[in-house]
Amino acid sequence: MVPTHIRDYIRPASVEEAWNVLAERGKGAKPIGGGIDALLYSVPETTAAVDLTGLDLSYVRDEGGLAIGATTTFTEILEAEPARAFLGGILVEVLEKVASPLQRNIATIGGTLGSAHPWSDVIPLLYVLGAELSLFDGQASRLSMSEYFARRVSGERPLITEIGLPAEGKASACAFEEFSSTGFDVAVLNCAAFLSVESGRCKTVRISIGGTPALATRLTPVEEALNGSPLDDGTIERIAAMAADTIDARDDRRATAGYRRDLTRVGVSRCLRRIVEQLGGVE
Amino acid sequence: MTITVTINGTSKRLAIEPGERLFELLRREGYMGVKTGCGTGDCGACAVLLNGRAVNSCIVFAAKADGGEVTTVEGLERDGRLHPVQEAFLDEGGIQCGYCTPGMVIGAVDLLSRNPEPTEDEIRQGLSGNLCRCTGYVKQVRAVQQAAAAMKGGGNDG
Ligand SMILES: Cc1cc2nc3c(=O)[nH]c(=O)nc-3n(C[C@H](O)[C@H](O)[C@H](O)COP(=O)(O)OP(=O)(O)OC[C@H]3O[C@@H](n4cnc5c(N)ncnc54)[C@H](O)[C@@H]3O)c2cc1C
Ligand code: FES
Ligand code: FES
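Chains as they are written, first to last, in the working numbering: chain A, 560 to 842; chain B, 32 to 189.
Treat the hints as calculated values from the structure; they're not laboratory data.
Note that the structure is predicted; figures quoted are calculated from it, not measured.
Think of the CB as a built atom: it goes at the ideal place given N, C-alpha and C, for glycine as much as any other residue.
Hints are supplied without guarantee of correctness; some may be wrong.
[Stated by the list, open to error] Not close to chain A: a few residues of chain B, all C-beta gaps over 12 Å, as computed:
| # | residue |
| --- | --- |
| 1 | G40 |
| 2 | R44 |
| 3 | P147 |
| 4 | Q176 |
| 5 | A181 |
| 6 | G184 |
[Stated by the list, open to error] Coverage of chain A stretches by chain B, computed from C-beta distances (three or more under 8 Å per stretch; other residues unrestricted):
| # | region |
| --- | --- |
| 7 | 583-595 |
| 8 | 653-661 |
Whenever a hint applies, use it, and build me the whole structure from the sequences.
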């Protein structure tokens, strides 16, 4: 079915121009990266698609950390050497789970954040990698993921121009665990965890659960409970149980709240164990 | 709006609707090798190469092809000879009803262009977005292995 309500397809040449078109047309205009969701979930109010792929925002740069342009496709990230090498290859591990090459060749990282699907594999990962987003809404700014999603709740829709992942020290590792009915299906629940350790104690801790079935968030109280503590078996089980109690679990057609709590406990425990393994033990 | 796009090697100027999807445009232009299964990006029957990359043409704006190149399954043969992937699908019996075949072949061509010697697991992962209701995939995986071997020995590389 042709979304006939889309009467204009606009290709701005700069971020400023794109923003001006969006500001002028208000709710009627949608920015698009790959455009997948703009097509699949098209609503009659949308009368214009504003294609961001001509803004030179498709790149992966090693700047100590990583700088990823908002219109970079998952395939382009998977093929970029700095992304492959980043933090033990975690981006490859997770992005290879996203759909299949047929979608990864189209879908952009900016579009994924824009869509904010609760089951997104990428959003919990970006949360635990400490991603910062470069935004433009008439002026440029840089916000954490939590700050960006808080702004969206208040109805703002800044353009995302770049995703920045901070450089991490040697004694840090990240793990991801997805639960889905089939390899290709979207997640029933997913868990991501990042840890850095110093003198045998957890220093930076980030844990995020997605698909509860709400949009992923960080589990701040759980992170705080782990901070400063060693990472022995007992601690892992205690933290995993605490995570299961903390999530805002609900029933939906994919799973019950109780099952989601079980998955959270198992997922967090597996992620932390894998991190211990990657770090060669945390004593 | 009007776009300029090279389809199977022929440059065309085409009038499109701004909200139209690539598969609607291609079928209207007579490229019937582009099949429609789900229309939601799930099955891979509508796959074509857009600027060398296999995409589901049902979840891509037609306008995105402007200034670019599209290859449908009809555009894979050279000088009247089928592409090695097409030959291998015939040889191995990787085709039953044939509905998934154009998308599957396009997916395999993209896979082999990036990874000329894929393992069985890489083939299965690479074609995980191409669903087949008939074959059980075994012969299709074998076909891709055969095509990889044939292409390594030279010949039509698409
Ligand atoms: C069959 C299928 C299976 C999938 N499976 C998975 C999966 O398992 N895991 C997973 O994580 N994803 C999966 N996806 C991908 C995901 O659902 C989205 O479709 C995809 O990420 C959208 O990317 P896009 O670039 O096409 O977005 P677009 O459609 O271009 O944009 C999506 C939204 O974001 C806004 N937007 C786009 N770019 C920007 C920007 N730079 N700044 C601000 N707003 C912007 C748009 O206005 C729109 O509202 C799947 C998709 C399909 C079709
Ligand atoms: S018709 Fe396009 S993926 Fe099914
Ligand atoms: S041969 Fe029938 S769907 Fe694949």
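Hints, one by one, checked against the model:
1. Distance check on G40 of chain B: its Cβ is at least 21 Å (rounded) from any Cβ of chain A, clearing the 12 Å threshold; non-interface status holds.
2. Separation of R44 of chain B from chain A is adequate, the least Cβ-Cβ distance of about 16 Å exceeding the 12 Å criterion.
3. Every C-beta of chain A lies more than 12 Å from that of P147 of chain B, the closest at about 15 Å, which supports listing it as non-interface.
4. At roughly 18 Å from the closest C-beta of chain A, the C-beta of Q176 of chain B stays outside 12 Å, upholding its exclusion from the interface.
5. Every C-beta of chain A lies more than 12 Å from that of A181 of chain B, the closest at about 22 Å, which supports listing it as non-interface.
6. Residue placement check: G184 of chain B keeps its beta carbon more than 12 Å from all beta carbons of chain A (closest about 25 Å).
7. As drawn, the region 583-595 of chain A meets chain B at 4 residues by the rule of a beta-carbon pair under 8 Å; at three or more, the given contact holds.
8. Taking a C-beta to C-beta cut-off of 8 Å, the region 653-661 of chain A contributes 5 residues in contact with chain B, enough for the three needed, and the coverage statement holds.
Checked against the numbered hints above, the structure violates none of them.
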